[in-house]
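Trainee: One-letter residues, chain by chain:
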Amino acid sequence: MLDEVVVIGVLSGLLALERRAFLQAMISRPLPAGACVGLILGDVETGVAIGMCFELLFLGSVSLGGSHPDHETIATVVAAAAAGTMTSLAGGDLTRAIWAWCMLVSVPTARIGAWIEAGLDIRARKYLGRAQAAASAQENRRVARQNLRAMWPHFVLFGILGACGVGIGLLSSAAFLNMPAVLIRGLGWAFPAMVVVSASLAVAVSKTPGRGWLALGGTIAGASLGWLGAFA
Amino acid sequence: MSQGEPTLFRSTPSGIGRTRVSGFTRWRVFWRTLFIQAGFTSEGMQSLGVVFALMPALEKLYPDMAERQRVIERHLEPFNTHPYAGAAIVGAIVHEEARASLGEVDPKTIGDMKTALMGPLAALGDGFYWLSLRPAVGGVAAATVPWLGAWSVLVYLALYNIVHIVSRGSLFLLGLRHGAGLINELAKWRVPMWNTRVRRVGTAATAGLAAYLAVKLGSELQHGSSPWFAFAGVMLAFLCVLGAERVNKYVMFYVVAALCCVASALF
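If you read the protein sequences in the order shown, they are chains C and S. Heads up: the first sequence begins at 1 in this note's numbering, then just goes up one per residue. Heads up: the second sequence begins at 233 in this note's numbering, then just goes up one per residue.
Think of the hints as simulated: they come from the structure by calculation, not from any bench. Warning: the hint list may mix true and false statements.
A partial selection of chain C residues facing chain S, derived with a Cβ cut-off under 7 Å [to be verified]:
id : residue
1  : Ala35
2  : Leu64
3  : Val195
4  : Arg211
Residues from chain S that face chain C, not an exhaustive set, calculated with beta carbons under 10 Å [as the list claims (entries may be wrong)]:
id : residue
5  : Ser274
6  : Gln278
7  : Asn312
8  : Cys492
Ideal Cβ placement from N, Cα and C applies to all residues, glycine included.
The following block holds chain C by itself, in its conformation from the complex:
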């Protein structure tokens, strides 16, 4: 378990860097990030399910002009880590309820992640100051290094936060299993409803010309496929 915590912490830190500091190749997006966490914990299905839901929920979150949108990566890592831990302890029929529970618990970490990022941007002013001082002293290599030095607080803080997901899973397992059966069944129903809500919100925020007709067409096609698969 400890080695999984460490690996998830390192992964969380690297994903936080990939999201902002390096490359931005969308590996830190919820779907890939959730799958990575699921792979580490040996439950890819859980990681992908949570990643899919959060991918749709945060589809419209955009960083424009240096703003700090909610940190979808850390929310996904925490949720997937917690869910992967809980399903290994009590999966089976409870799996979807566990997914819903962990998503509800981890959503606030998205806002916490945004606050951390904003705080670190303010703190990073000292690296700019050091760069300006180094430039005045003609220490040009030292100027360039300040850019990379500013990365480590992101790696450490988001790594710790991501690793806490496993702890959240362990701590909330007992409370979850002691819930009334009716509530657990309700959470099991909640997971598909939450995914539908997330997908619908993704349609609503698209702001595409003609989105009403596109959405109608997609809905007819999707509902038909679903009906054929379920009831035909």
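Since chain C is already given, all that's left is putting chain S on it; use the hints.
Mentor: Coordinates of chain S only, in the frame set by chain C:
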């Protein structure tokens, strides 16, 4: 300057563009543009990243330390743009600094060029990559999860990064080749036209996924009224689309979960 030294590009108005920036140095600059946001600060924003990316070229163009110091201090001014489009501006800066090092242009015009380019390129990059391509690819990849499972991640990364890597490299070369004139060349790419097309794909995919999941997952609730649950799911999706601009998304998320728990208690 010797005849055997490598050249940059000869597309300057005067037709002269011999520099001391080799292909390896240009590659190093491009690689470093991937870290343009690493040292993002609330004050200078991407200025540290720009200096970090430019350093290999500046070391070649300005062997005199005092002159290089002045150039670096000039580029520590606040700078912010889309990270992919930043590669184009860094390429343009290398082009113009090469000319400035030869005395062809006034170095002050490079700062003006940065200021003039960063806003329009930010709008272009945000509009296409963040508001069109990423939601579309995310929607399509999420829509393939019920059939492909974890392989949908590869769909996501492949679809996005084919466009990302090719365009990022092309933007850098565009800036390197045309300098301050890159915005005229970029207009030929007709990016806004692609914005709309790409967004339409994403909208249709996510709508289809919402409806499919509403019906399929509703039918799997192992309850006698499964078709009604499926129908309720589609109605839920419809209500969410209508209410998206009036209600916070997190409120919807938690309210739906609470309603499901209440429904479980009632049925």
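Trainee: All the hints need checking, so say for each whether the structure fits it.
Mentor: Hint by hint, here is what the structure shows:
At a threshold of 7 Å, the smallest CB-CB gap from alanine 35 of chain C to chain S is about 5 Å, leaving the interface hint in force. A cut of 7 Å between beta carbons decides the hint on leucine 64 of chain C: the least distance to chain S is about 6 Å, and the hint holds. At about 5 Å, the closest approach between the beta carbon of valine 195 of chain C and any beta carbon in chain S falls short of 7 Å, and the interface hint on this residue holds. Because the smallest distance between the Cβ of arginine 211 of chain C and any Cβ of chain S comes to about 5 Å, under 7 Å, the interface hint for this residue holds.
Using the Cβ-Cβ criterion of 10 Å, the hint placing serine 274 of chain S at the interface with chain C is satisfied: the shortest such distance is roughly 5 Å. Given the 10 Å rule on beta carbons, the hint for glutamine 278 of chain S holds: about 9 Å separates it from the nearest Cβ of chain C. With its C-beta approaching chain C no nearer than about 6 Å, asparagine 312 of chain S sits inside the 10 Å limit, and its interface hint holds. The interface hint given for cysteine 492 of chain S is met, as the beta carbon of that residue sits about 4 Å from the closest beta carbon of chain C, less than 10 Å.
Hint check: no violations occur; every hint is consistent with the structure.
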